[in-house]
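Visitor: Model the placement of chains F and Z with the ligands on the given structure of chain W, informed by the hints.
Protein chains in written order, with this note's numbering: chain W, 1 to 723; chain F, 1001 to 1394; chain Z, 2001 to 2265.
Every clue listed holds true.
Subject to a maximum C-alpha distance of 25 Å in a straight line, what follows is the list of computed SDA-like cross-link-like pairs (lysine to any residue):
1) F:K1163 / Z:A2246
2) F:K1238 / Z:A2245
3) Z:K2172 / W:A228
4) W:K235 / Z:S2167
5) Z:K2242 / F:E1080
6) Z:K2239 / F:E1080
7) Z:K2057 / W:T636
8) F:K1238 / Z:Y2235
9) W:K722 / Z:Y2053
10) Z:K2165 / Z:G2153
11) W:K257 / Z:R2058
12) F:K1164 / Z:Y2235
13) F:K1163 / Z:L2236
14) Z:K2057 / Z:E2168
15) F:K1046 / Z:I2089
16) Z:K2154 / W:G85
17) Z:K2165 / W:R232
18) W:K405 / W:E197
19) W:K235 / Z:Q2175
20) F:K1164 / Z:T2237
21) F:K1163 / F:Y1366
22) F:K1163 / F:S1138
23) Z:K2052 / W:D314
24) W:K257 / Z:Y2053
25) Z:K2057 / W:E310
26) F:K1163 / F:E1080
27) W:K67 / Z:G2136
28) Z:K2239 / Z:E2255
29) F:K1163 / Z:T2237
30) W:K257 / W:P594
31) F:K1238 / Z:I2238
32) Z:K2052 / W:A248
33) W:K257 / W:T301
34) W:K405 / W:T702
35) F:K1152 / F:L1356
36) W:K607 / Z:R2058
37) Z:K2057 / W:A228
It is worth saying that the hints were derived from the structure and are not from the lab.
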Amino acid sequence: MSNEFSRRNFLQLGAVTAGALAVGQMLPPAVARAAEAAGMLNSSGDGYVPSMCEMCVWRCGLLARVKDGRVVKLEGNPEHPHSRGHLCVRGQSGLFNTYDPDRVLNPLIRVGKRGEGRFRKASWDEALDYTASRMLQIKETYGPEAMVFSSTHNLSQVQFENLLYAFGSPNYGTQRSLCFNAMIVANMMTYGMEEPERIYDEDLQYIILTGRNLMEAISTSETGELSAAIGRGVKVIYLDPRFTKTAAKATEWLPIKPGTDLAFHLALLHVIIGEGLYNHRFVDSYTVGFDELAAEVEQYTPEWAAPLTEIDADTIRRIAREFAAAAPHALAHNGWRTSNFINSFQTQRAITILNALVGNWNVTMRAAGGEGSSALGSIPQPPYPRISAQRLDHVPARFPVVPLKLGVFQELRDSILTGDPYQAHGWFISRQNPVMSLPDRAKTLQAFEMMDFIVTVDIIANDTAWFSDVILPEASYLERYDPLLPVGDRAYLRQPVIEPQGEAKSALWIYKQLGERLGLGDYFQYEDEEDYINQQLAPLGVTVDDIRSKGYVDLPPGEEIGFEWNTPSGKIELFSDTLARVGFSGVPVWDAPPEPPEGQFYLLTGKVGQATQFGTQNNQMLHKYADEPRLWFNDTVAEDRGLADGDWVEVISEVGKAHIRLRVTPAIRPDCVYLTPGYGHLSKGLTTAFGLGASDSALHVTYTDPISGSQALSQTFVTVRKV
Amino acid sequence: MLQKLLHELRTMPKFLYVTAALTLLGLSVGLYRMIVGLGPTTNLSKAFPWGVWISFDLATVALSGGAFTLAALVYVLQFEDLHSATRPTVLAGLLGYSSVMVILLFDLGRWDRFYNVFLHPNVSSALLEVSWCITAYSLILIYELSPVLLEKTRFKWLLPTIKKYTVPIVIIGVTLSTMHQSSLGTMFIIMSPRLHPLWSSMLLPVFFLVSSLASGISLVIAGASVSYWLFGHSLKIKTMAKLSWFIPWLLAFYVVIKFGELVITGEWDLLFSSGGYSLLFWGEIIFGALIPIGMFAFRQVRFSRVASLIGALFVMGGVILNRFDVTWFSIAPVQGETYTPHWMEIAILVGVAAGLVTVYSLVARYLPVYEETDTFKRNTPLPRPLEEAPAAGD
Amino acid sequence: MAHQVNNPRYGFLIDASYCIDCRSCMVACSVENEVPMDSTRIWIKETGITGKYPDLKRFTAPFHCMHCKDPSCVSACTVSALTRSEDGIVNYDQDLCIGCRYCIYACPFGVPNYEWDEPLPLVVKCDMCYARLAEGQQPACAATCPTGAIQFGKYEDMLAEAHRKISEQPDKYVQHVYGEEENGGTATLYISPVPFEELGFPIAGETSPAYSNRLVTEGTPMVAGMMLVGLSGAYLTIKHIKEEAAREREEAEKEKLAQAAVEEN
Ligand SMILES: Nc1nc2c(c(=O)[nH]1)N[C@H]1C(S)=C(S)[C@@H](COP(=O)(O)OP(=O)(O)OC[C@H]3O[C@@H](n4cnc5c(=O)[nH]c(N)nc54)[C@H](O)[C@@H]3O)O[C@H]1N2
Ligand SMILES: Nc1nc2c(c(=O)[nH]1)N[C@H]1C(S)=C(S)[C@@H](COP(=O)(O)OP(=O)(O)OC[C@H]3O[C@@H](n4cnc5c(=O)[nH]c(N)nc54)[C@H](O)[C@@H]3O)O[C@H]1N2
Ligand code: SF4
Ligand code: SF4
Ligand code: SF4
Ligand code: SF4
Ligand code: SF4
Ligand SMILES: [Mo]
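One chain only, chain W, in its complex shape (with noise of 0.2 Å):
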């Protein structure tokens, strides 16, 4: 825990306002005097503005409490359906990523090598026209395509993408191929919807969870239905091979040998329709594809699943009872990060389809509409020009069923080493951490080698903007704004709390001015931030002032879905066409992964409660708070290896070594070791989180589902000695 920020200093967070707020005295600043006018603010500049938390992508409603010029706390807002009243613990330090003293509040051209941190301070305008003139040349010299972009999701992504688009590079890098395409893909497949939403009502009766470790990996209203589910009595299976705080309030936690989650899944199909368990009226109506699925299944009795998983034949049989029993009061979760194996898109795919075969559509799951409300306006564009290039993540060609959205990134840097269909030259990254975030960190600084230029994006100069040409700082969520967030039946509104610090601008701004000065200043239709809200909110008669102070306005009602899904045959395709027709099997079926070899053991990654990714170890108030990151080890094998806790170890892969602290656990199976994932920074721009922990990024091992195009990181095998 820190000790470098002491009570007294404590009080002066945000002292970099102070310059702001002593000329402010003169002329209220815009933030303050419009939330004056909305009345959120009193005269001293004392009150509440709600906004959003953008700590993670949940994007939890909150009410920022405002002091001279300064946000002091955070609270849940208890109008937003993510929130309820309530924060997670990294909503509730969200002002320590504000307030951050590593804070980047210039823009920085790089000056010394790259990778050596040496940047200089330059205005705006000199480091948006150098970026512009660099990415022109780029465009000139070796065509639009030689421009990678890659972005992980944001309020502000639909205008990273417009200016993607219009410059006319198809590579296009998102997190989603690190982590939930399998489901998503998965979803689409079945249900023709990215997501369904689920629905834990007080009938609700029985889950199984997938290795989603709702109590750790957090998503504050979802975390706290599930507790409450579980408050009432709810059975929860949990399946996962750790002891995660989840498993601690599972009705029964699973064990389950990493990767055979699929076997188990096929097993409980193979039981419910075995034993007729299954919802005939709602397979019969709603469903296509049900004898296909039936003549998969039928060879995955519980018996043969039992040695896979390692969870014996009754259990899984008795869960299958159980669940159909339960049903329609019953919900497999689908998970969310659940790109462990190559053969997770399968797992997904069985789940989906269990869920569909007990007919708990609109009981516990329903259709949950995208990001976008047709209600709201959009901002003129003029039409994008022809892509021609192929993308160096090989979608669709290789990857036939990934959305183009979605891509797969981890794929991206094999083309770029080889230059293999062609060269790329540049990378423009936003909001987004990749050195980090995708497997094999050495060979993601390989291919930034490759870059002629790199420009991001961000708040703080993480790993990617250490390595990059420019580094572009973006106002933090408490200082600017997004375009309007539809959530249900409402669209809510990001708006700033307090005043930029520094230069820094909102990612709209910085977005609008680089299409500019690329020539793409028709894309980019609005005049600044409000008048784009505006914009969006001119289709409901009101602008930004009038909803300022609740901070959403009201959607009209969408119409119902009853039972209609936008797949090909209209109804939940148990037996995928689409799926065939490319050339997999339009069922789920057994794909046994890799195992370690004797000796070696699964390294497994999973979030803690107190960090997000790669963005959030530099916050003091999470660091105070968080445990130390280190790689847990099971008790058992310990002893018999002579290793002890706290002992330093290396961890070896075959991409890379780290070097960590062990915490001897009885919590995790005696064939895997677990290393707490974000730590191991490499930019000393960092100065709370560079020296701690160990990075598992650079420890794993590239593998991709070939049909979701998921990153596999469980996969990656490790060897264990002391040193």
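Guide: What follows is chains F and Z with the ligands alone, placed relative to chain W:
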């Protein structure tokens, strides 16, 4: 002048150089503690917010109990033949209390506002009682000692007035002393959940009071014996014998109530079943009480300087151990967290203790502390600096 | 017989079965109250992982000031920096504290913390977020807890809810409301699926040591008065006896002299 000073320094007992150096060192570490706080300089923690300093303070106060015991004997109960022992004892007491206050100042997190003790008292706090009584009592000790300081100065004319009020002042002093000696025990009543049951008791105030009487007398005896060998002046052996006569009675009473309480509360089985705790407890009782009771019961012991010193050391050791037990060793660890002092804690402590010895020696050397005592002539003539050296006031 | 103290107005009901050790409550508290980075007003108690793979268990619960009805810390504090309000909130006045740390030792629950690394440190202790209560808000920890493990409300309601829960799910909960009797009763109440000792909760008696403490400290002035009288009496009596004796001796002497004179004559 300078020569005289050099001569003085040269004739000074050599150990005083060492103690003076240690004092200086301790005070520098203390200064550092004031600048950087308690965290970096001590091993105190939430589980053990008090450490060796408090143990030292409690032991010192107990040993300084000689001053009020003697004052009560001499002035109130009018054992006039003990009179010659009061001055050195009062001096030792005053120095003891001063060192306690110095340590407390190092110990107080907010030493900068120690005065809140007087401005915002909380009357139900045992610690408040302790601090008020100790302060008031120190003033009284100064009063009692003032003749020593004034005798050779031009404020001599004050002496008769001082003398006139001595008895009422002493009575107040004895009361205050009784109060704080016992309140020091009271302090640990509220901590009873943290103390080992062998020490945790509602009778702690009584235990503390009685043991401070015994250890106070022992300190007088030990002090006189040491002074005998170091400075060549001391108490008459008869006076010493008279004093030590009280010790076995006090200790016997102590042992009886101590065991009585354990029997009544039904905790006596802990005497044998508490491992290290049992050992510590028996250590206190055997060495601090039973052995000295046995010794001082004999007239020969009471009339032998060497034997008396040994007996007194046993009593003092027992009481010191008791105070360390109550304040430290018997305190239950919280989630396994234990306490061992930081070297800086020890350094400060050693510094203050060394300061105590230094000042006592200097005062005993230059001021008429043993003036009323029999001056015993040793073969080697010891310097009597008072006659030759300029007195402090000149 | 315990000291008569009013029930607190507000209370917490903390249900260990809900706590997921996410530490959101801790951050909320630290930010709300600007707690120094090396300290905290609230922390997590836990059983640790118990059992043998794969039959494992783990329980956690947040722990902060119990807001005792008869608080030891208040009784102990040298300078009345700690006080209990009418509402039953045990509060700390940082401007009075002298840093004696007696409260830390006196608290049977190990609650008060200290800013060990400050040159001029203060005690760190939960104050029930009374400033938030005054604004009609829940305490920061209770408000943010994503699982509802920390409930806050009227003391009577919390106590009733605690009993309702443990009696409705007797298989799930230990049949004891921690804090109902402990240390004379506290405003913070707990229910748990595991015995409280296993969570590392102190086993506290039903009477606050503050009570025994007061018995002695409040009697002190009287004892002191009695002593003054007693000592003065003793002094005067002995003096009188001694003077009498001296006079008698003198008179005897005189008599002797007179006698001798007579005889001589
Ligand atoms: N605190 C916190 N919360 C977060 C995030 C965060 O970074 N921090 N990130 C958010 C995001 S982007 C995501 S995608 C979600 C992810 O949330 P989750 O889907 O819950 O993902 P993880 O925590 O990565 O992994 C879950 C578990 O999978 C286990 N596992 C590994 N291999 C296997 C296997 O073969 N089979 C089974 N059954 N289990 C396996 C791991 O042990 C781990 O405990 O969390 C979201 N919430
Ligand atoms: N080993 C391992 N690898 C993993 C995972 C794992 O569990 N273990 N999880 C996978 C999953 S589920 C995911 S979703 C991906 C995530 O992968 P990434 O999206 O690459 O990782 P993040 O850490 O979320 O990156 C967020 C970046 O955005 C920056 N940032 C934060 N706020 C802002 C802002 O307001 N504006 C801008 N411009 N930048 C901001 C942060 O500083 C950080 O650099 O990683 C995947 N990779
Ligand atoms: S889950 Fe936590 S980090 Fe994510 S948006 Fe909600 S409060 Fe923020
Ligand atoms: S916020 Fe709630 S669930 Fe999280 S640690 Fe605190 S009490 Fe437990
Ligand atoms: S729990 Fe401790 S600190 Fe809190 S009121 Fe009770 S005695 Fe005082
Ligand atoms: S440390 Fe402060 S609050 Fe605690 S008892 Fe001492 S003066 Fe009172
Ligand atoms: S009530 Fe307030 S002060 Fe007390 S622990 Fe909760 S947040 Fe902290
Ligand atoms: Mo993710």
